[in-house]
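All chains, please: the whole structure from these sequences, using the hints.
If you read the sequences in order, they're chains A and B.
Number 916 marks the last residue of the first sequence (this note's numbering); no jumps.
Number 176 marks the last residue of the second sequence (this note's numbering); no jumps.
For the record, the hints were derived by calculation from the structure and aren't laboratory data.
Hints may contain errors.
[Unchecked claim] No farther apart than 30 Å at their CA atoms in a straight line, the calculated lysine-lysine pairs in the BS3-like style are these:
# : chain 1 : residue 1 : chain 2 : residue 2
1 : A       : K19       : A       : K29
2 : B       : K161      : A       : K542
3 : A       : K903      : A       : K914
4 : A       : K736      : A       : K774
5 : B       : K173      : A       : K479
6 : B       : K74       : A       : K542
7 : A       : K735      : A       : K798
8 : A       : K862      : A       : K651
9 : B       : K21       : A       : K385
[Said to hold, decoys possible] Now the in silico label distances, taken between C-beta atoms and shown as ranges:
#  : chain 1 : residue 1 : chain 2 : residue 2 : range
10 : A       : V447      : B       : Q25       : 27 to 37 Å
11 : B       : A42       : A       : R281      : 49 to 59 Å
12 : B       : A141      : A       : N417      : 49 to 59 Å
Even glycine gets a Cβ: it sits at the ideal position worked out from N, Cα and C.
Okay, here's what each chain looks like letter by letter:
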Amino acid sequence: MSGKNDNPQSGQGRPLPKKEADLFKNVVKFYESKQYKKGLKNAETILKRFPNHGETLCMKGLIVHSLGNGDKKDDAALEKRQEAIDLVKKGLMMDMRSHVCWHVYGLLYRSTRDYPEAIKAYKQALRIDPENLQILRDLSLLQIQMRDLVGFRETRLKILTFRPNSKIHWLSYALGVHVCGDAEGAVRALDSYLDTLEEGSKEFERCFESSELALYKNRVLSEVTEEGDELAGVKKALVHLDEVKPVIVDRTGWLQAKLSYQLQLGMFDAAKETCHLLFERGCTEDHRIHGAYMCALLQCDRDTCLEVQKLKGTGTLASMRPLSDDERRTLIAAYERSNDETNNNLAASFPRSAAVKRIYLTLLAPDSEKFRLNIDSYCQKQISKGVPSLGSDLSSLYLMESNNRYVLANDPVDVKNHTVYKLLVELVDSYINSLGSKNTFPGDTTVCAPSTLLWAWYLRAVLHAHAAEYADGITLINKCIDHTPTGVDFYELKANLLEAGGDIQQAADVVDTGRDLDHQDRYINNQTTKTLLRAGREEDAKNRISMFARHEGNPEENLYDMQCTWFELELADSCRKKGQLGRSLRKYIDVIKHYEDYHEDQFDFHAYCVRKVTLRTYCEMLKFEDNIWGLPFYGHAAEEVIKIYLQIMDKPAQDDEEEPDYSKMTAAERKKAKNMARKKKKAQEKSETNGSAKKEEPAKGADNGNKKKVNKNHQVNQDPNGAELLALDPAEEAKKFAAILVRHAPQKISSWALQYDVSVRRGKMLMALQALYKMRNINSNSHELFARIVDFSERLMKSATAKDNASSEKVIATEFPKLMGNQSLADFIKSALNSIKADPLSSLPMRIAVSKAMMSSLPGKKEEALSLILDSKLACRGMDVESCREALEFVGSIEPGAKEQLKILVGARFPIVKDL
Amino acid sequence: MSNSLNVDIGTITADNVEQLKKINQACLLIAYAPSFYTDLVAKNSKDGTPLEVRQNLNKFAYWNGFAVGAICCKIEGIKDSPGRKRIYIMTLATLAPYRNRSIGSTLLSSILTYIQEHNTDAALKDVDEIMLHVQTSNEDAIRFYEKFGFEKGELVEGYYKRIDPPDCFVLSKKLR
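What follows is the structure, given as structure tokens:
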């Protein structure tokens, strides 16, 4: 391109003649009203006379882009998009000093989600035309999307300065100040806006918008702190609530805010009043209000109140931490049903509330007679009604104390020893006896319906499942099926028992039988699909789920469009089990793509929410989007992606065992040798993992359009076997996802475990050490941690930390031994061995980890290592079919005879297990 | 009856016909061919009875959310009276634990009521009687139907091929 000199219209002296200038205005107008065809025509008319007019070229490009920007991914659309990019680039070259060109350039980047580049282009446009509102607005949207919070605030301030009489600009600016962390400034901005209104303005009337604005301001106000008074804002907010009461339409939200402030300020009597108002409004089933009510009754400190407010589901103070006897009494008085007519407690005021009745059970001491009586009548009532969820409802009573907090017992060993569990088993067994012989509950004369015995069996089967007694559970559930073969729930439970007991194939058949009973039951259809996938029967699974997906074509396409994450995760897991790494990688990455889309989706709300004044919800949405990478389904996908890439990294190492002995080299030699080994490894990986993918790789960036021609149109049909993904640098990819996990899911031990695994393979020993420390803070007794400490120590002995520098070696030399209690590796393993011997319930995974460590680092200890697993008699914690399979595999690798011995033990513990 | 169960009556459709199969398999001595079930809920049946009418002649009894009993009838021609028709009860079954709780009565009544209320409809206007076959040994069943005004008719010898005794009675009741 020869540049501006050929172009009489470029630069500043470029006004188009009147006729063309009018046409150009039309182009813009048509573009904005989405009449692309007309816009295109006008643009082409201008270009006929001035083929190099930059702004027109850009506008044409933008229109062409919009025309090709449908959902279609076919070749025509792709060609259109390429044409658009070329046009805009050419236009920009012709007229670098036009804000229009830069703006369009930015829009184009925005549409390809390259936000940093788009921001740059917008800023360039603003340099030429600093007061262009449209560009400022677009820039601010990108800034909040990218969480350039300060930039967002500044941009909104500029907009507000140019247009100070618009409500939206005021609110946006206040929001900008707020998200920057300056609550006080945000309140000032909102006040300034309210000051601009005249008295009697519509904004002061009781309506949705003024109500939302008032509650938003109230929330910001409560976040203000003053020196020496953390609660200054909360106090002001409480006063403010009463001031704005007349305009509030969200009365529940208003009361909830009030309740929170009152609790934080220790105004417990007032808080109780507020709770009662909320209950009367119909919030009796909201456990958070009950949690707050308990805090008020017990006059808890602020930290406890805040902690209780964050509980989820049916959690309350009573299930969060142990209660003293006095506390128990106070709460029981509030929740107990009494015959005293004058008693106006919750049970009397809300006799039909299920939550009040259920919470009462949590309050009673599990070993008391009162508890026994009440749980007895609760169970009888629910069994008579036939409530399938009764078992899982009751399982939230298996509370165990740990550091003055309750955790739920979920290991079968702990469940079986739990007072509540034992009592439930005793009660339900007595029901079954009595119902079976007389068809009445014990000590009762009322004859029950035939379904009562059925649900008693069902509950007993669920209790068996809690204790991992799968074969016993199946015996009972078979009775249920014989009794009422039309009950879908029984097939589902039987399948769950079979699956947990180790017979996945039969589980899939059974749940499929249940599904066949009711083709309109989507839930059981999904359960069937899931179980079939776990059984490795992909075709059957797709066949089932397609009954509820769109009918034509491959159901995978429709499920991808529906962002049906659970299905894709199960499919990916299924492929991974079969060793189809590429395909499973593709599915996991599809899930990750969905999360990127969820993140992208917030774009629509930046402008919309401010316009609708739903600012409280908007702020919550921003927080939610910030934490989206910490959500469980994302974590599942990302963790598996990392594991697959780690597997790919490790694979060549297995083929090539001649590792040079690094320990005898000098640092420089070592580095060289390692580098060479690494290069060799990489080359090998690429040729091994996917020869054809490698050939395709260079084509990817430059010639994307061509490649897609070969494939069908839908996303799921592009690279369905993940060849492109397998060809990526595994270390780089693994590192990328591990970094996301440790940042957004730092509370999960698995995030740090993977961070460790990735770091040691990349030779980043300091990062690996940090991951070990993080793991220890989460759970110092984790077998995952133990295995990695041993691994780290072994690595240190085998080779020094080649890629790190001397100073990090120093840190490792001082900090790492602390993790082993300053013992030698041998002593560290021995003390783990001793603590297992001291506790017969030590978990199976821990036994395997210690046993493995003994095999690798304590020569001559084979017998003792084996006995660690065999002597457990499999009556320890952490026992499930998966951990048993792992134990078998490990034991088999060192002593085939011992494996047979262990097999007998496993068979006795899980009689229905298949394919050991 | 004091200990009768208050069941709900529901339709048998292509989506839930497997439940009928389960009930019949659990209760009846005779195994019906798969085509018995598919014809019952097919859009177009072989005998030409519209689906809507068949759905009124084939019913589930629901207790506590589960189907625990079912009745299946069809319309057939009367051999010796050209143009005249009757309702034939093919199956009536209640799962064992739910018996003696009036569920069969509720099912049969629902059919009788339907026929009575629609006896001028095109499909039912030529129907004169309702009949069924009962194994001679099944006294409970005979008593049950007699309560509803059915009368014992001819003895058919060797009606059943695989069960003993192989003979049955015809029970029938005039509908007009």
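Structure-based check of each hint:
1. A/K19 with A/K29: 15 Å, holds
2. B/K161 with A/K542: Between B/K161 and A/K542 the Cα gap is close to 43 Å, so the pair fails against 30 Å, i.e. violated.
3. A/K903 with A/K914: The hint holds at about 11 Å.
4. A/K736 with A/K774: 19 Å, holds
5. B/K173 with A/K479: 39 Å, violated
6. B/K74 with A/K542: At roughly 37 Å apart (the allowed maximum being 30 Å), A/K542 and B/K74 break the hint.
7. A/K735 with A/K798: Roughly 24 Å between the alpha carbons, so the hint for A/K735 and A/K798 holds.
8. A/K862 with A/K651: 27 Å, holds
9. B/K21 with A/K385: Holds, at roughly 26 Å.
10. A/V447 with B/Q25: 27 to 37 Å: The hinted range 27 to 37 Å holds for A/V447 and B/Q25, with Cβ atoms some 28 Å apart.
11. B/A42 with A/R281: 49 to 59 Å: With Cβ atoms ~52 Å apart, the hint holds.
12. B/A141 with A/N417: 49 to 59 Å: 53 Å, holds
The structure shown violates the earlier hints numbered 2, 5 and 6.
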